[in-house]
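Protein chains in written order, with the numbering used here: chain A, 51 to 163; chain B, 2 to 116.
Treat the hints as calculated values from the structure; they're not laboratory data.
Glycine included, C-beta positions come from ideal geometry on N, C-alpha and C.
No false leads were slipped in.
Listed next, the in silico DSBU-like pairs over lysine-lysine satisfying Cα-Cα at most 30 Å (straight line):
| id | chain 1 | residue 1 | chain 2 | residue 2 |
| --- | --- | --- | --- | --- |
| 1 | B | K56 | B | K19 |
| 2 | A | K99 | B | K72 |
| 3 | A | K150 | B | K54 |
| 4 | A | K108 | A | K119 |
| 5 | B | K4 | A | K145 |
| 6 | A | K99 | B | K56 |
| 7 | A | K99 | B | K58 |
| 8 | B | K58 | A | K150 |
| 9 | A | K162 | A | K108 |
| 10 | A | K145 | B | K56 |
| 11 | B | K4 | A | K108 |
| 12 | B | K4 | A | K99 |
Using C-beta positions, here's what the derived DEER-type ranges look like:
| id | chain 1 | residue 1 | chain 2 | residue 2 | range |
| --- | --- | --- | --- | --- | --- |
| 13 | A | S80 | B | Y51 | 16 to 26 Å |
| 14 | A | L101 | B | E57 | 14 to 24 Å |
| 15 | A | S59 | B | I61 | 12 to 22 Å |
| 16 | B | K14 | A | G103 | 42 to 52 Å |
| 17 | B | S66 | A | K162 | 38 to 48 Å |
| 18 | B | I61 | A | P129 | 34 to 44 Å |
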Amino acid sequence: AQSVTQLDSQVPVFEEAPVELRCNYSSSVSVYLFWYVQYPNQGLQLLLKYLSGSTLVKGINGFEAEFNKSQTSFHLRKPSVHISDTAEYFCAVSKAAGNKLTFGGGTRVLVKP
Amino acid sequence: DVKVTQSSRYLVKRTGEKVFLECVQDMDHENMFWYRQDPGLGLRLIYFSYDVKMKEKGDIPEGYSVSREKKERFSLILESASTNQTSMYLCASSRPGLAEADTQYFGPGTRLTVL
Numbered sequence: 051a052q053s054v055t056q057l058d059s060q061v062p063v064f065e066e067a068p069v070e071l072r073c074n075y076s077s078s079v080s081v082y083l084f085w086y087v088q089y090p091n092q093g094l095q096l097l098l099k100y101l102s103g104s105t106l107v108k109g110i111n112g113f114e115a116e117f118n119k120s121q122t123s124f125h126l127r128k129p130s131v132h133i134s135d136t137a138e139y140f141c142a143v144s145k146a147a148g149n150k151l152t153f154g155g156g157t158r159v160l161v162k163p
Numbered sequence: 002d003v004k005v006t007q008s009s010r011y012l013v014k015r016t017g018e019k020v021f022l023e024c025v026q027d028m029d030h031e032n033m034f035w036y037r038q039d040p041g042l043g044l045r046l047i048y049f050s051y052d053v054k055m056k057e058k059g060d061i062p063e064g065y066s067v068s069r070e071k072k073e074r075f076s077l078i079l080e081s082a083s084t085n086q087t088s089m090y091l092c093a094s095s096r097p098g099l100a101e102a103d104t105q106y107f108g109p110g111t112r113l114t115v116l
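Please build the complete structure, drawing on both the sequences and the hints.
In structure tokens form, the structure reads like this:
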């Protein structure tokens, strides 16, 4: 079975500052990795995903994440955040050739002016 | 534009009631999922379905059942609601992807309160 740990439950950050959200996973098999975002009072939407190939993945809204197999991590970054990035962010993992996702506990990002 | 809709945004029920949560997708997706979302625990899979009339248990199926009679509709049933089932319930759908995990599309959620 796989598991996902998001190391920070809340991250306050000032507008235009960089942000990094940490995600570590454990799995005995190859995995696919995802970051989803949930804006207030909405469902989740996909930010980016890593399936194979380049370990640096670029997503929507200026976010990117880097897959590090040796450290079993998939940290999410944005060089300059906006107020509109205030949301909860979820890291998720699935077994390669599988459909079920295992989610981390989520990280709430609060962008302050 | 892809769309997953859930029958209610907010629902209040009493302990012991039978509760139906409905989810409809218009993307002709084979896979559909029900999750519950609780603070600090993220999303946990309750049940999923990979075809009409097919279902598989997720990580926390106890106290829940599901029904998928039509491809576009996936229902979550709480046979006898209890206060520990107070939560946000999210439905999702995706294309099948045995060779490649595909994006899941989520509905807006139903916040269920059981009194």
